[in-house]
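Q: Using this note's numbering, the first residue of the sequence shown is number 1, and each one after it goes up by one.
If you are wondering where the hints come from, they were derived from the structure by calculation, not from laboratory data.
Computed from a prediction, not measured in an experiment: that's the story for all the values here.
Heads up, a few of these hints could be off.
To be verified - Computed beta-carbon distance windows for the label pairs:
1) ALA112 / ASP246: 37 to 47 Å
2) PRO102 / GLY163: 14 to 24 Å
3) ALA222 / SER242: 32 to 42 Å
4) GLU152 / GLY132: 33 to 43 Å
C-beta: ideal position from N, C-alpha, C; glycine also.
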Amino acid sequence: MDPEEEPAAAEERPAADGRGASVGRRIVLGMLGLGAAGIAAGPYLQDRLDSVLGAAAEKDPTGVTGLFPGSGGFRYYSVASSVAHRGERDYRLTVGGLVERPAAYTLAELRAQPQDRLVRDVQCVTGWRVPGTPFEGVRLSRLLDAAGVRPEATAVRFTCFDGTYSESLTLEQARRADVLVALRMQDKPLTHAHGGPARLYAAPMYFYKSAKWLSGIELTRAVRPGYWELRGYDVDAWVGRSNGRDDAPTA
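Take these sequences, add in the hints, and give me the full structure.
A: Here you go:
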C-alpha cells in the first residue's frame, strides 16, 4: 500500500520544525471545489482530477489530499515523498527468495500470462468503501508455481518501487484464487496513482494489503510485518474480522 486507497491518513508527517504542517484555507476550499467539479463534469474531468490528486499526494507533507475522493470514491495517500513512473521499458517484477527458479517479468510477459478478473468491493481500514470494483491480472499462485516454491517457505513478502512500502501474506493466503498481481482496474490499465503498472490485489483483505507499485515477490521462512503492520495494523487483515472493525466482507 502506498499513496491512495490505503490508511496512510493515519500517519501524520511532521514539518521540519517538528510541528504538523499547516494547510491553508484556500487550498482546502480549492480542492473541495475540484472534487465538486469532477462530479458535475463527468468522467473526463474526473480522470483529470484523479491525475492531479494522485500527483499532489506524492508531494503532500500534510496528508490533506487523503481527505478528497478521486474516481469512484478512492482516496489518495502517500507514504513516500515521490514515486518515479515505470512502464514498458523499465518495469520488472522479480520473484525470488526461497524458490527453485528465480524470475524477472516484464509487463509484456505478465500480460501474456492467463488473466483472471475479479469484481469485489474495496474496503479501506479507515472506513471508506468502493463497491463492485473490477480488477484483472495474473493469479499470484501461477507465478509462485512457475518459480517452484521450496519446502521451507511459509510466507511471501512484497516490495515496491517507491522504495518504502512492503507487505506480506502467508503462503496459504498468497495461493488463494482471489489474490492477483493486478494490471488493470475498473477495466483500464492501472494508472500510476493507483499503483501501476502492477500492484498486488488481495480481494478479501483491507486495501492496505494490496501493495501498490509492486516490484518484488520474495518467498520467506516466516511472515515479515509490512509497512502498516509495523505501525499498528493487523498482519492478518480480513475485512470485518481484523483491526477491530466489523465491516461486511468484500468476498
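Q: None of the hints should be skipped; say for each whether it holds.
A: Evaluated hints:
1. ALA112 / ASP246: 37 to 47 Å: Hint holds: Cβ distance 41 Å, inside 37 to 47 Å.
2. PRO102 / GLY163: 14 to 24 Å: 21 Å, holds
3. ALA222 / SER242: 32 to 42 Å: 19 Å, violated
4. GLU152 / GLY132: 33 to 43 Å: With a Cβ separation near 40 Å, GLU152 and GLY132 satisfy 33 to 43 Å, so the hint holds.
Violated hint: 3 only; the structure is consistent with all others.
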